[in-house]
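There are 2 protein chains.
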Amino acid sequence: MIQYRLQRQDRQSKARVGRLCTARAVIDTPAFMPVGTLATVRALDPLELRQAGASMLLANAYHLHLRPGDDVIQELGGLHRFMAWDGPLLTDSGGFQVFSLQGLRRVDEEGVEFRSHIDGSRRRFTPELVVRIQRRLGADVMMQFDHVIPGQADRSTARDASERSLRWLERSRREFERTREAVVVARLTDQGGGQTLFPIVQGGTFVELRREAARAIRQMGDWDGYGIGGLSVGEPKHSMMEVLEALDPELPQDRPRYLMGVGFPSDLVEGIRRGVDLFDCVAPTRMGRNGTAFTSQGRLNIKNAALRSDPGPLDPECSCSVCTRFSRAYLRHLFVSEELLALRLLSLHNVHFLLELMRRARSAIVSGHFGAWATEWIERLAYTEPEPAA
Amino acid sequence: MIQYRLQRQDRQSKARVGRLCTARAVIDTPAFMPVGTLATVRALDPLELRQAGASMLLANAYHLHLRPGDDVIQELGGLHRFMAWDGPLLTDSGGFQVFSLQGLRRVDEEGVEFRSHIDGSRRRFTPELVVRIQRRLGADVMMQFDHVIPGQADRSTARDASERSLRWLERSRREFERTREAVVVARLTDQGGGQTLFPIVQGGTFVELRREAARAIRQMGDWDGYGIGGLSVGEPKHSMMEVLEALDPELPQDRPRYLMGVGFPSDLVEGIRRGVDLFDCVAPTRMGRNGTAFTSQGRLNIKNAALRSDPGPLDPECSCSVCTRFSRAYLRHLFVSEELLALRLLSLHNVHFLLELMRRARSAIVSGHFGAWATEWIERLAYTEPEPAA
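The listed protein sequences correspond, in order, to chains Z and P.
Going by our numbering, the first sequence runs without a break in its numbering and finishes at 390.
Going by our numbering, the second sequence runs without a break in its numbering and finishes at 390.
Honestly, the hints are just simulated from the structure, not real lab data.
Being a predicted model, the structure only gives us computed values, none of them experimental.
Do not take every clue at face value.
No distinction is drawn between identical chains; accordingly, a pair holds when it is met within one copy or between any pair of copies.
List time: in silico DMTMM-like cross-link candidates among lysine to aspartate or glutamate, alpha-carbon distance up to 25 angstroms [unchecked claim]:
(1) 14 x 242
(2) 14 x 128
(3) 303 x 119
(4) 303 x 75
(5) 14 x 310
(6) 237 x 154
(7) 14 x 250
Given the sequences, and given the hints that come with them, work out the whole structure.
Below is the structure:
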């Protein structure tokens, strides 16, 4: 069980500050959750994440089922102990991953048959199996197995997928209830926390399909939180905003809304403005490994030759353990020399940047200045350092 | 200036405990220095190294001259500030690196002409230039530029190289004196510490050449410490031990002896037994990145399938931040999944292992049990987990 308490609602926008109470910790929202697909936030140590202010992490049921296996993780005491993270965890169901396996999958009402991306072995996911996998992993928040479609999908495809996701939600809930007594992992990790299941609102870019899905999900029962899926998958940016605006009145105000797989710094600000409470994305770590730093003056490409002897920090406004110790010149040197520390430090800075952005957003909402704050930050974040001529 | 104070001499062996006082810190010896060739101990953060108990780090003048350039590092306030390490630093001169560039170099009395391993550009190192590079880097301990030969080199090659190294030492010292007033970096970093220059004893595997070199070096003057080079470069293991035994009476007891580029855990124990105070080696980080962990029961290959669900730590006797948090099963999962965290964690454990081994050695010497301690550890360290049949 997790409980959400709405603490402050912005007057000019849908932005809100709240607290999510789980058995393990209290999470201030809006919150960004760093992504640890394979039970590790790429290149980072859980202690660093904690120091940077991360309160909740993500992992992925599909990936962990294939490797090392949810049975192994259960045997070792569950996902928290496995990855040495004692804060709350959310596991994505793997819907997005399975439906990304173009040509390797076959969908029917029962579930999805696919080939493992690791060894090509034939596998089958059903909503029930995915619940059982997540039970074994022991995540605090489990996501339903949903039918994910590309951002350009037409209306009829979107309707079919959304309706199937609703039927799968019903099956997921039954399996979730049936296995309630079997929360072996929670006992093993001795945290006493129960698990909860979030539904996922689908419907592609079609606003009325989204509304229908939200209503149908609410009719099914009372949920601890609501996932909004199938966005940031190739659709135009304005479509995401329209969907969020349409969903706000359809979702209960006293439950958290989780915008899945989003996003970049400006997406977070826009999402908060439209009432979103939880975000996750691989962007900070992936961009970091590619040498791009998020900063309060936009993006910075650390490989830029102009930084060769730049003594300044990545971001002069940042207080992370990278910016307080290392110069751009040093970080550029590490990148050019292909040193592993480069990947760590840029990933850490970027994760810290998003966590700090969330802290600032919460503070702006509480102090009643969110509108001006958001406008300023959207402008700042849009800037990308021009690349020097090659 | 650095000062060495001998604190305890073992009765049955040449092992000794001492303290090396530099302007930045006091180093308990015997000590292992992790290697940060390019101003970064591969995959590790200086804060982690500090926590693991590292007191002094190494960097490399050859590598840093080529990239990012000692001029850049000087401009940024020196190597300590550049890499955010406020403890003592030693820079190797690059003799080993330059002489490893087979076919890319030409040696004469003046110095070595070679091609950069990065861009193929033509470069020239002289003893004087190498001193100036290290002055600019600002390391606490600078090493002379020496002529390094392969471990199988014959007597006449070894004699020539050793005698040239002696002549280069004299030139290095003159340049060191000449540039004494120009210690710009030390002022910039505001640590006030002076720099010192260590000679390097060469002579291949030929014991009397080694003795002659040591005597000639001592006749040149009083040095703050003595490097022993050209070992662990392909010669038989017993040759290294013979050289160390021959050198012990030739080197002053009240100065530290630094065995360069050594080594593996058992080499450290054998070196200490023969009177060595300082060691450096890339082994802990390189082996870590390859998936091999040093443990108190010998070596462990973390990729071994038998560890798939092993809940135990890498080393049950280890108190490092890896062993106290993560299972072998988790570390194996990270390695098999090619996750970056794997490289960090095994490197960190291995570095901690060697630092802890040094702490134990010091404690054994102080308590008068070094002989039995060394025998037991040589035996433990010799064990390598058998590989499972493929």
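_Hints not upheld, ascending by number_ = Result: hints 2, 5 break, sorted rising.
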